[in-house]
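Protein chains: 2
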Amino acid sequence: MKTSSLLLATTRETPADAVVISHQLMLRAGLIRPLAGGLYTWLPLGVRVLRKVEAIVREEMNRSGAQELLMPVVQPLELWEESGRAEDYGPELLRFKDRHQRDFALGPTHEEIITDLVRKEIRSYKQLPANFYQIQTKFRDEIRPRFGVMRSREFIMKDAYSFHMDRDSLQTTYDEMYDAYNRIFSRIGLDFRPVQADTGSIGGDGSHEFHVLADSGEDDIAFSTESDFAANVELAEALEPRGERPAPSEDLTKVATPGKHSIEEVCDFLQVKKKKVLKTLIVKGATDENPVVALVVRGDHELNEIKAEKLDLVAEPLEMASDAEILDAVGCNAGSIGPVGLNIPVIVDRTADHAVDFICGANEDGFHYTGANWDRNANPTLVADIRNVVKGDPSPCGKGKIEIRRGIEVGHIFQLGNKYSKALNATVLNENSRAQVLEMGCYGIGVTRVVAAAIEQNHDDKGIIWPEAIAPFQVCIVPMQMHKSPRVAEAANKLYDELTAKGIEVLFDDRSERPGVMFNDMELIGIPHRIVIGERGLDNGMIEYKHRTDEKAQDIAEAEFMDFLLAKLNA
Amino acid sequence: MKTSSLLLATTRETPADAVVISHQLMLRAGLIRPLAGGLYTWLPLGVRVLRKVEAIVREEMNRSGAQELLMPVVQPLELWEESGRAEDYGPELLRFKDRHQRDFALGPTHEEIITDLVRKEIRSYKQLPANFYQIQTKFRDEIRPRFGVMRSREFIMKDAYSFHMDRDSLQTTYDEMYDAYNRIFSRIGLDFRPVQADTGSIGGDGSHEFHVLADSGEDDIAFSTESDFAANVELAEALEPRGERPAPSEDLTKVATPGKHSIEEVCDFLQVKKKKVLKTLIVKGATDENPVVALVVRGDHELNEIKAEKLDLVAEPLEMASDAEILDAVGCNAGSIGPVGLNIPVIVDRTADHAVDFICGANEDGFHYTGANWDRNANPTLVADIRNVVKGDPSPCGKGKIEIRRGIEVGHIFQLGNKYSKALNATVLNENSRAQVLEMGCYGIGVTRVVAAAIEQNHDDKGIIWPEAIAPFQVCIVPMQMHKSPRVAEAANKLYDELTAKGIEVLFDDRSERPGVMFNDMELIGIPHRIVIGERGLDNGMIEYKHRTDEKAQDIAEAEFMDFLLAKLNA
Chain A
1 MKTSSLLLAT TRETPADAVV ISHQLMLRAG LIRPLAGGLY TWLPLGVRVL
51 RKVEAIVREE MNRSGAQELL MPVVQPLELW EESGRAEDYG PELLRFKDRH
101 QRDFALGPTH EEIITDLVRK EIRSYKQLPA NFYQIQTKFR DEIRPRFGVM
151 RSREFIMKDA YSFHMDRDSL QTTYDEMYDA YNRIFSRIGL DFRPVQADTG
201 SIGGDGSHEF HVLADSGEDD IAFSTESDFA ANVELAEALE PRGERPAPSE
251 DLTKVATPGK HSIEEVCDFL QVKKKKVLKT LIVKGATDEN PVVALVVRGD
301 HELNEIKAEK LDLVAEPLEM ASDAEILDAV GCNAGSIGPV GLNIPVIVDR
351 TADHAVDFIC GANEDGFHYT GANWDRNANP TLVADIRNVV KGDPSPCGKG
401 KIEIRRGIEV GHIFQLGNKY SKALNATVLN ENSRAQVLEM GCYGIGVTRV
451 VAAAIEQNHD DKGIIWPEAI APFQVCIVPM QMHKSPRVAE AANKLYDELT
501 AKGIEVLFDD RSERPGVMFN DMELIGIPHR IVIGERGLDN GMIEYKHRTD
551 EKAQDIAEAE FMDFLLAKLN A
Chain B
1 MKTSSLLLAT TRETPADAVV ISHQLMLRAG LIRPLAGGLY TWLPLGVRVL
51 RKVEAIVREE MNRSGAQELL MPVVQPLELW EESGRAEDYG PELLRFKDRH
101 QRDFALGPTH EEIITDLVRK EIRSYKQLPA NFYQIQTKFR DEIRPRFGVM
151 RSREFIMKDA YSFHMDRDSL QTTYDEMYDA YNRIFSRIGL DFRPVQADTG
201 SIGGDGSHEF HVLADSGEDD IAFSTESDFA ANVELAEALE PRGERPAPSE
251 DLTKVATPGK HSIEEVCDFL QVKKKKVLKT LIVKGATDEN PVVALVVRGD
301 HELNEIKAEK LDLVAEPLEM ASDAEILDAV GCNAGSIGPV GLNIPVIVDR
351 TADHAVDFIC GANEDGFHYT GANWDRNANP TLVADIRNVV KGDPSPCGKG
401 KIEIRRGIEV GHIFQLGNKY SKALNATVLN ENSRAQVLEM GCYGIGVTRV
451 VAAAIEQNHD DKGIIWPEAI APFQVCIVPM QMHKSPRVAE AANKLYDELT
501 AKGIEVLFDD RSERPGVMFN DMELIGIPHR IVIGERGLDN GMIEYKHRTD
551 EKAQDIAEAE FMDFLLAKLN A
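Taken in sequence, the protein lines are chains A and B.
For the first sequence, counting from 1, position 110 maps to 110 in the UniProt record's numbering; every step adds exactly one.
For the second sequence, counting from 1, position 157 maps to 157 in the UniProt record's numbering; every step adds exactly one.
If you are wondering where the hints come from, they were derived from the structure by calculation, not from laboratory data.
Do not rely on the hints blindly, as some may be mistaken.
Since the list gives no way to pick one copy over another, a pair counts as held whenever it fits inside one copy or between any two copies.
What the hints assert, rightly or not - Here are the simulated lysine to any residue pairs, SDA-like style, with alpha carbons at most 20 Å apart:
#: 1; residue 1: Lys552; residue 2: Arg434
#: 2; residue 1: Lys126; residue 2: Pro515
#: 3; residue 1: Lys2; residue 2: Glu59
#: 4; residue 1: Lys52; residue 2: Asn62
#: 5; residue 1: Lys52; residue 2: Ile135
#: 6; residue 1: Lys2; residue 2: Glu498
#: 7; residue 1: Lys494; residue 2: Gln481
#: 8; residue 1: Lys273; residue 2: Glu364
#: 9; residue 1: Lys274; residue 2: Ala489
#: 10; residue 1: Lys52; residue 2: Gln136
#: 11; residue 1: Lys399; residue 2: Glu54
#: 12; residue 1: Lys97; residue 2: Pro108
#: 13; residue 1: Lys120; residue 2: Ala36
#: 14; residue 1: Lys126; residue 2: Ser5
#: 15; residue 1: Lys126; residue 2: Gln481
#: 16; residue 1: Lys399; residue 2: Gln24
#: 17; residue 1: Lys120; residue 2: Arg12
#: 18; residue 1: Lys422; residue 2: Ala86
#: 19; residue 1: Lys120; residue 2: Ser5
#: 20; residue 1: Lys126; residue 2: Lys484
#: 21; residue 1: Lys2; residue 2: Lys494
#: 22; residue 1: Lys52; residue 2: Pro467
#: 23; residue 1: Lys399; residue 2: Glu226
#: 24; residue 1: Lys97; residue 2: Ala86
#: 25; residue 1: Lys401; residue 2: Ile263
#: 26; residue 1: Lys502; residue 2: Leu311
Could you put together the complete structure from these sequences and hints?
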């Protein structure tokens, strides 16, 4: 394609309201334009990328045996009432009435619709398992849409839903989706990790998020330096430290710490490292018998609320005790609490349980203990994993250490169990001709989001650096002063025709712009391979080549150029 | 694909509420399922067809130089207010408020959105002409959605919008779209006609509808037996009859026709053919001077309201005079009116103007004239084309005669002029650096509708007969008693693998159903090429082949079968 027949809507200015780099670059490179809050038009350059992502997703979904279908964007609200989600979903579900005053909603997801279809169409276990997917427009009325297409209101999802007679079958399809997702993101060319995610009440291996690693990601991902293990930081297990706890070597001593409440203040005051201090938090208990409970973690660690609230003694959701409750139960204010002499349940983190000669609050305002030791001075009610993993922790998989990086969630696979099939009474006859509620899995990819995530991961100060598989064009040809040099025009057009005839997607910059403008635009829009044709090169029988990531351009002899370029393209 | 991994949702019963054949067959063949009024889920078999139509449309739009983009389904209402259509469009524009109480609508079309984009992004005449298209979900809140996806509320359109500095450029792109549409519907394999359509105030060659010819069509299409000419019946010109009007041979005679009002009654009573009688209709005039006007057409012809209301003397829109107005102006009631002695303007159809010795009302209740003649007995104020063409009329193109068939509109190309660009002030700088309002064209294809229209045109009492290019599968393999015969299973699987490896889309019916059930299903879903493999054939070294349109199956020697099939597929 020639730039003269493409809406190349590049801009130099960074739009003021675009905070994240992908949003800035998508606007600057002319991939998208805002229509209204959280609504974007995809310009021709953007659509080319979008369609490539869609094509890879579709191919791999088909390869996995999933069947494509297409459900309406507009959904009758009564199905959401049947599943109970009409209430739960809140105002993100945009509701409206049609001209006959019937209630509808714009679909943010399609569990209800597909379950309704399956309960009507699938009668026998012989038709199962089945996995249905669509690539389709969704709408979620975000209260504060932001980050461009990363968190827009209208977006494109690939959503799939599988149906099964039993958990084993669900697990098999789930594993196939896991593999398909790995193939999809690998083919797109992203550095990503499948990450164990919270399964809620399902447990087990039932949920993975797929994260594109990028510094700007919203989520912290913990992964092993030596294995495939990866999990949301909140979900990664902090293993029990190896070996025995060392014997105490200090005496318990009460020291005055006037006005020192935070770990930092205490460490500063006593000139010790954070790991020497134990932090005690008072939270609400699960029973009337124990209205409050103490949680103890090392001063350099963070409490993991998800882990803590799963414990029987702790109220779920986790809630901090009020100042009054703390004073009532402990006899001092927060900032001076410690496990020594506490008469409420004390839950101690596994690593904190290995601390020796530690410092902690003395349960008396303005005082701490030094040289405190477990068993000798305090007894845990329970030792458990209640902290976030940190960099350098041993990986829970048993291999390597924990590394933490930020990720952008672009996919999610989830074993739903029978949540929707039960609510909508989706049953089929099993081998004994008895109606059986179906098991379900669901599998999403944020197609529009993938494009933004790819940019978050692949850019520099000049613009986007597209992975080859989803670049809007593979190659760009930038002729120098073509409108003044028939020779350059001829050579450039000839090469364009040759490359195009080989099925290579070439963007030919035929504008009469200054070379600098053309170079900047081609770098901004991130075309992987750049070819420059100019008088000087032609004089020497050379064509200039530069990969988007190369520092410098190189001159290649005309006769060898095609082989050279094809080798680059196949690399 | 094997039927065991496809949701094959065929049914024998014809759904009661499905009136048209395409709706019936799409339900019965399991291409679609209703979700709510005018909302359909496309099942896997249907999506395969839909995607093929989309792919052809996309390829030909790209080939024409149009650029694909993607605009949101949800549109801010303020743009519709700016264009003035928020009011005009009525309740088919589904409006709603988002959570912040801002007004939005579900897009039934995107003129406003694209014009808003272009006014912001295109600054110079150098960037024009440009033609943008999308393939996207639309919503039109039809008061009575019907005929399945033929007139559904949610549907998929390919809509394109072109922008130009002048009419010539618009005409060039319009012509390119005309050609692209011809290629699209030809490639899909439909019998269609580009049909001249009403251009409203634009005039000229500015609007064509593309109709798939089918007996069930909603529109009457007039076309030439000997040229490409085709037009909506309402728009085809009825030429002036050739030659001179013959001389009168009868005397004017007033005859009693008691109680005979309609043309049929008068013809029956006087024992003459309809063409012998002239029909006089009184309609409202355009001016106070002539509050009513008489329109005269032959008894076997129909008044064409569009043609009549374009005349200066006639009020637009056309409105019949009331009984009181008729009595007041003519002195008799409708049913006895005629041009003889009328003292209001008399507009006579060209063909009626050639009538000789004709019969007409005598402007006296219960009486008609016979032997009436123009000039001698009555004088037309104006002779004009005010009737619909009928079969056998000379074609207005000058070649052949008019043939009339019914059509289903699947595409429409239209020169919009500056209607939207003016309303939204979409200007660009011209060569003299002056702001100039853009010219626009728009070009639609009802993608989902094309699927239904293809079925309306191609079916028999057994089911759908897909055109090869959009068939969900090209070939089906039906093995006989495969689950009892390992030999049949092996041969069928081998052939399936061979064909699939060649990139042929094969549906392998691996269900353990009776042959009759499998045959019926494959015919219902309309797979073009059917292969049967059974014990008896294998004994004789034969494979059975039948095209969906063949009367009988034929046995082909195994060794020759592949060549035979490939020849059929390439035919």
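Quick rundown of the hints versus the structure:
Taking identical chains as interchangeable, the C-alpha atoms of lysine 552 and arginine 434 are never at most 20 Å apart, the minima being 70 Å within one chain and 43 Å between chains. With identical chains, the CA atoms of lysine 126 and proline 515 are at most 20 Å apart between copies only, with a shortest distance of 18 Å across copies and 64 Å within one. In this assembly of identical chains, lysine 2 and glutamate 59 lie within 20 Å of each other by CA distance solely across copies; the values are 17 Å between and 29 Å within a copy. Taking identical chains as interchangeable, the C-alpha atoms of lysine 52 and asparagine 62 lie at most 20 Å apart whether they share a chain (15 Å) or sit on different chains (15 Å).
Within a single copy, lysine 52 and isoleucine 135 get their C-alpha atoms as close as 13 Å, and across copies as close as 15 Å, so both meet the 20 Å cut-off. Taking the shortest Cα distances, lysine 2 and glutamate 498 sit within 20 Å of each other inside one copy (14 Å), while across copies they are farther apart (41 Å). For a Cα distance limit of 20 Å, the shortest separation of lysine 494 from glutamine 481 inside one copy, 16 Å, qualifies, whereas the shortest one across copies, 60 Å, does not. Taking the shortest Cα distances, lysine 273 and glutamate 364 never come within 20 Å of each other, neither inside one copy (22 Å) nor across copies (117 Å).
When the C-alpha separation of lysine 274 and alanine 489 is checked against a cutoff of 20 Å, the pair qualifies neither within a copy, at 68 Å, nor between copies, at 71 Å. For the identical chains of this complex, lysine 52 and glutamine 136 are neighbours both inside a copy (15 Å) and across copies (17 Å), given an alpha-carbon limit of 20 Å. For the identical chains of this complex, lysine 399 and glutamate 54 are neighbours neither inside a copy (36 Å) nor across copies (50 Å), given an alpha-carbon limit of 20 Å. Taking the shortest alpha-carbon separations for lysine 97 and proline 108, both the intra-copy value of 17 Å and the inter-copy value of 16 Å come in at or below 20 Å.
In this assembly of identical chains, lysine 120 and alanine 36 lie within 20 Å of each other by CA distance solely across copies; the values are 14 Å between and 39 Å within a copy. In this assembly of identical chains, the alpha carbons of lysine 126 and serine 5 lie at most 20 Å apart only when taken from different copies (10 Å versus 53 Å within one copy). In this assembly of identical chains, the alpha carbons of lysine 126 and glutamine 481 lie at most 20 Å apart only when taken from different copies (18 Å versus 67 Å within one copy). For a Cα distance limit of 20 Å, the shortest separation of lysine 399 from glutamine 24 qualifies neither inside one copy, at 39 Å, nor across copies, at 61 Å.
In this assembly of identical chains, the alpha carbons of lysine 120 and arginine 12 lie at most 20 Å apart only when taken from different copies (16 Å versus 55 Å within one copy). In this assembly of identical chains, lysine 422 and alanine 86 lie within 20 Å of each other by CA distance solely inside one copy; the values are 16 Å within and 43 Å between copies. Taking the shortest Cα distances, lysine 120 and serine 5 sit within 20 Å of each other only across copies (18 Å), while inside one copy they are farther apart (49 Å). In this homomeric assembly, lysine 126 and lysine 484 come within 20 Å of each other (Cα to Cα) only across copies, at 18 Å, whereas the closest approach inside a single copy is 71 Å.
In this homomeric assembly, lysine 2 and lysine 494 come within 20 Å of each other (Cα to Cα) only inside a single copy, at 13 Å, whereas the closest approach across copies is 47 Å. When the C-alpha separation of lysine 52 and proline 467 is checked against a cutoff of 20 Å, the pair qualifies only within one copy, where the shortest distance is 11 Å, while the shortest distance between copies is 28 Å. For the homomeric pair lysine 399 and glutamate 226, the shortest alpha-carbon distance inside one copy (6 Å) is at most 20 Å, but the shortest distance between copies (81 Å) is not. In this homomeric assembly, lysine 97 and alanine 86 come within 20 Å of each other (Cα to Cα) both inside a single copy, at 14 Å, and across copies, at 17 Å.
Taking CA atoms no more than 20 Å apart as the test, lysine 401 paired with isoleucine 263 passes in neither setting, with 26 Å inside one copy and 97 Å between copies. For the identical chains of this complex, lysine 502 and leucine 311 are neighbours neither inside a copy (63 Å) nor across copies (59 Å), given an alpha-carbon limit of 20 Å.
In this structure, the hints that do not hold are numbers 1, 8, 9, 11, 16, 25 and 26, in rising order.
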